[in-house]
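Novice: In case you want the letters, here they are:
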Amino acid sequence: MIRAEGLTKRFGAITAVDRLAFEIPVGQVVGFLGPNGAGKTTTMRLLTAFLPPDEGKAVVMDLDVADHPLEVRRRLGYLPENNPLYDNLEVTDALHFVGRLRGLADRGPRTERVKAVVRTCGLASVVGRKTGELSKGFRQRLGLAQAIIHDPDVLVLDEPTSGLDPNQVVEVRDLIRELKKEKTLLLSTHILSEVVATCDRVIILNAGRIVADGTPDELAGNLQDKNRLYVELKGPAADILPSLERLPGAAAVRPCPKAGQAAEGFVLESEAAKDLREDVFALAASKRWPIMAMSQEKLSLEDVFRALTTGAPEEASGPRPPGAGPQGETPA
Amino acid sequence: MTKPPLLQGRAILALAHRELKGYFESPTAYIALIVFYLMSGYLFSATLFLVNQASIRALTETAPVLLSFLIPALTMGLLSEEIKSGTFETLATLPLEDWDIVLGKYLGLAGVHLIAAGGLVFYPLLMRALVTPSLGLDWGETAGILAGIVLLGLMYGAIGLFASSLTKSQVIAFVLAFLLCFAFFLAGNMARFAPGPVASLLEFVGIDAHLDTLGKGVLDTRDILYFASMIFAFLYLAVQRLQSRRF
Numbered sequence: 454m455i456r457a458e459g460l461t462k463r464f465g466a467i468t469a470v471d472r473l474a475f476e477i478p479v480g481q482v483v484g485f486l487g488p489n490g491a492g493k494t495t496t497m498r499l500l501t502a503f504l505p506p507d508e509g510k511a512v513v514m515d516l517d518v519a520d521h522p523l524e525v526r527r528r529l530g531y532l533p534e535n536n537p538l539y540d541n542l543e544v545t546d547a548l549h550f551v552g553r554l555r556g557l558a559d560r561g562p563r564t565e566r567v568k569a570v571v572r573t574c575g576l577a578s579v580v581g582r583k584t585g586e587l588s589k590g591f592r593q594r595l596g597l598a599q600a601i602i603h604d605p606d607v608l609v610l611d612e613p614t615s616g617l618d619p620n621q622v623v624e625v626r627d628l629i630r631e632l633k634k635e636k637t638l639l640l641s642t643h644i645l646s647e648v649v650a651t652c653d654r655v656i657i658l659n660a661g662r663i664v665a666d667g668t669p670d671e672l673a674g675n676l677q678d679k680n681r682l683y684v685e686l687k688g689p690a691a692d693i694l695p696s697l698e699r700l701p702g703a704a705a706v707r708p709c710p711k712a713g714q715a716a717e718g719f720v721l722e723s724e725a726a727k728d729l730r731e732d733v734f735a736l737a738a739s740k741r742w743p744i745m746a747m748s749q750e751k752l753s754l755e756d757v758f759r760a761l762t763t764g765a766p767e768e769a770s771g772p773r774p775p776g777a778g779p780q781g782e783t784p785a
Numbered sequence: 023m024t025k026p027p028l029l030q031g032r033a034i035l036a037l038a039h040r041e042l043k044g045y046f047e048s049p050t051a052y053i054a055l056i057v058f059y060l061m062s063g064y065l066f067s068a069t070l071f072l073v074n075q076a077s078i079r080a081l082t083e084t085a086p087v088l089l090s091f092l093i094p095a096l097t098m099g100l101l102s103e104e105i106k107s108g109t110f111e112t113l114a115t116l117p118l119e120d121w122d123i124v125l126g127k128y129l130g131l132a133g134v135h136l137i138a139a140g141g142l143v144f145y146p147l148l149m150r151a152l153v154t155p156s157l158g159l160d161w162g163e164t165a166g167i168l169a170g171i172v173l174l175g176l177m178y179g180a181i182g183l184f185a186s187s188l189t190k191s192q193v194i195a196f197v198l199a200f201l202l203c204f205a206f207f208l209a210g211n212m213a214r215f216a217p218g219p220v221a222s223l224l225e226f227v228g229i230d231a232h233l234d235t236l237g238k239g240v241l242d243t244r245d246i247l248y249f250a251s252m253i254f255a256f257l258y259l260a261v262q263r264l265q266s267r268r269f
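Taken in order, these protein sequences are the chains called A and B.
Sequence positions in the first sequence follow the working numbering and run 454 to 785.
Sequence positions in the second sequence follow the working numbering and run 23 to 269.
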């Protein structure tokens with residue numbers, strides 16, 4: 454459980470974190486999303502008692518972070534930004550070192566824990582190597598292994614997948630999915646697909662404030678003011694366009710040529726509440742134009758992110774091929 | 023963080039152990055030890071053969087200068103490297119107080135210094151085997167000189183650790199530590215050129231006077247207190263610096 458109550462941190466004239474308030478219940482995975490400098494890292498540093506807040510308070514597992522910094526840190530695993538490691542330590546030595554500092558004093562149980570996290574994090578193949586010689590993917594796994602060596606209730610991961618290649622991203626993501634089963638997890642990222650792939654909930658930060666909070670779908674839904682439907686119909690293009698325009702509720706229709714199209718593609722815009730799919734089907738059926746494709750276009754999280762963090766309207770992101778967003782397709 | 027620090031012995035020892043091991047896993051400690059023994063060995067044999075004295079007394083005069091660059095070479099990376107690489111954040115978000123971190127690091131360095139200074143015992147032992155017993159070796163003096171060198175190194179170590187907390191750059195940390203150590207050495211030397219009240223102040227702040235009394239085999243609590251309070255003061259400053267979290 455993590456709770457922030459009016460959490461504020463200033464650096465000189467800059468307010469890095471501005472009256473942040475949120476609560477993450479046990480077992481939830483929350484993604485902190487925001488542009489660089491939005492206050493993600495600072496918030497995490499406040500939660501881990503690395504920095505003291507100027508105002509407000511942070512609570513982790515019902516413990517006030519300011520009053521019980523050590524107890525909070527005992528129950529929390531933290532992967533700092535850029536995953537700093539001791540480069541001259543061997544992989545298991547690094548884990549033993551962190552384990553000892555975490556109070557796993559007896560060698561026997563500590564060795565068990567080291568073995569367990571080596572297994573969980575898939576580090577077996579690099580045991581015996583120095584940390585400084587590891588590839589970025591393995592470094593990240595080692596960082597995670599260090600963060601979970603004491604089996605914490607709460608995990609705070611600052612950009613766990615930054616700088617990894619796509620395969621490594623998937624591996625680390627799987628690892629996080631593995632970990633999230635029993636823990637409260639807060640991770641930060643500026644990669645949007647990351648959030649969709651791993652998080653139950655997204656908190657979007659901008660300039661130190663929460664600008665959105667909800668599931669990825671909710672966020673995309675809330676911001677949507679228009680409904681867009683993409684259809685591909687096989688038939689004479691000259692007839693299709695006017696027929697679609699005549700559909701009741703269709704505010705605008707435009708042709709949408711796209712690579713790999715089986716037939717003519719069109720985008721129909723309507724009011725958010727209006728669903729045109731059945732009307733399009735009826736029209737196509739009556740004219741005997743086979744429907745080759747039909748998809749409800751949703752705002753992607755990327756659009757939401759851009760809209761919320763730059764203040765630009767969604768159109769500013771330019772025309773996007775329908776269904777290209779990470780979760781943009783609803784099967785017709 | 024305003025509460026008095028509750029030291030966590032096991033974690034401090036784990037840190038110290040790691041630090042000490044680290045010194046001997048890299049060339050740093052070996053180079054420092056070689057330089058230290060080369061210089062002290064030369065001084066010892068010079069006294070022995072040129073002045074015909076079986077004494078490590080000459081070390082008392084040279085140690086403040088010799089250690090003022092050897093110790094900073096050992097301390098320069100202690101905190102600056104952690105701050106630079108970001109591993110300080112890892113340490114500081116473990117269940118440790120900043121005092122634990124500083125003390126752990128300091129004890130690791132103290133270990134290296136004790137190993138170095140401990141090796142000096144070899145010289146008087148060698149003397150005892152070589153010289154006729156009637157010639158005699160002043161054991162009180164020898165013990166005093168050794169104690170002085172140990173305390174001096176510990177004080178320089180605290181200064182070096184503080185300097186290392188000030189910057190991300192090891193080079194700057196080294197230069198700062200050297201300057202501070204050297205300043206304390208100079209203060210004692212300048213005492214004789216300064217007018218009355220300033221002189222006694224310089225003498226008190228400087229190292230020389232304290233090292234001299236110890237070197238004569240005189241155990242004076244004022245000297246012990248001088249070194250102890252210097253060590254505490256600089257470790258305290260290092261902790262304060264870390265707690266500011268402004269790197």
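Treat the hints with care, since some could be wrong.
Unchecked claim - Simulated crosslink set (DSS-like; lysine-lysine; CA at most 30 Å straight-line): (1) Lys636(A) x Lys679(A); (2) Lys190(B) x Lys106(B); (3) Lys740(A) x Lys679(A); (4) Lys238(B) x Lys510(A); (5) Lys510(A) x Lys568(A); (6) Lys636(A) x Lys510(A); (7) Lys740(A) x Lys687(A); (8) Lys589(A) x Lys106(B); (9) Lys634(A) x Lys687(A); (10) Lys679(A) x Lys727(A); (11) Lys43(B) x Lys238(B); (12) Lys583(A) x Lys568(A); (13) Lys583(A) x Lys190(B); (14) Lys634(A) x Lys510(A); (15) Lys568(A) x Lys190(B); (16) Lys106(B) x Lys583(A); (17) Lys190(B) x Lys589(A); (18) Lys633(A) x Lys568(A); (19) Lys687(A) x Lys711(A); (20) Lys589(A) x Lys43(B); (21) Lys727(A) x Lys740(A); (22) Lys43(B) x Lys583(A); (23) Lys589(A) x Lys568(A); (24) Lys633(A) x Lys583(A).
Derived from the structure by calculation, the hints contain no laboratory data.
What you are looking at is a predicted structure, and each value in this text was computed from that prediction instead of being measured.
Novice: Next, verify each hint and record whether it holds.
Specialist: Here's how the hints hold up against the structure:
1. Lys636(A) x Lys679(A): Answer violated: Lys636(A) to Lys679(A) is near 38 Å, above 30 Å.
2. Lys190(B) x Lys106(B): Holds: Lys190(B) and Lys106(B) sit about 5 Å apart, inside 30 Å.
3. Lys740(A) x Lys679(A): Cα-Cα ~27 Å, so holds.
4. Lys238(B) x Lys510(A): Not OK: Lys238(B) and Lys510(A) at ~58 Å, beyond 30 Å, violated.
5. Lys510(A) x Lys568(A): violated (37 Å)
6. Lys636(A) x Lys510(A): holds (22 Å)
7. Lys740(A) x Lys687(A): holds (10 Å)
8. Lys589(A) x Lys106(B): holds (19 Å)
9. Lys634(A) x Lys687(A): Violated. Lys634(A) to Lys687(A) sits at ~47 Å, over the 30 Å cutoff.
10. Lys679(A) x Lys727(A): holds (9 Å)
11. Lys43(B) x Lys238(B): violated (35 Å)
12. Lys583(A) x Lys568(A): Holds - the C-alpha atoms of Lys568(A) and Lys583(A) are around 17 Å apart, at most 30 Å.
13. Lys583(A) x Lys190(B): holds (23 Å)
14. Lys634(A) x Lys510(A): Since the Cα atoms of Lys634(A) and Lys510(A) sit roughly 27 Å apart, the hinted pair holds (cutoff 30 Å).
15. Lys568(A) x Lys190(B): violated (34 Å)
16. Lys106(B) x Lys583(A): holds (19 Å)
17. Lys190(B) x Lys589(A): Answer holds: Lys190(B) to Lys589(A) is near 24 Å, not above 30 Å.
18. Lys633(A) x Lys568(A): holds (20 Å)
19. Lys687(A) x Lys711(A): Answer holds: Lys687(A) to Lys711(A) is near 14 Å, not above 30 Å.
20. Lys589(A) x Lys43(B): holds (26 Å)
21. Lys727(A) x Lys740(A): Distance ~22 Å between Lys727(A) and Lys740(A) Cα, so the pair holds.
22. Lys43(B) x Lys583(A): Since the Cα atoms of Lys43(B) and Lys583(A) sit roughly 15 Å apart, the hinted pair holds (cutoff 30 Å).
23. Lys589(A) x Lys568(A): Holds - the C-alpha atoms of Lys568(A) and Lys589(A) are around 21 Å apart, at most 30 Å.
24. Lys633(A) x Lys583(A): Roughly 28 Å separates the two Cα atoms, so the pair holds.
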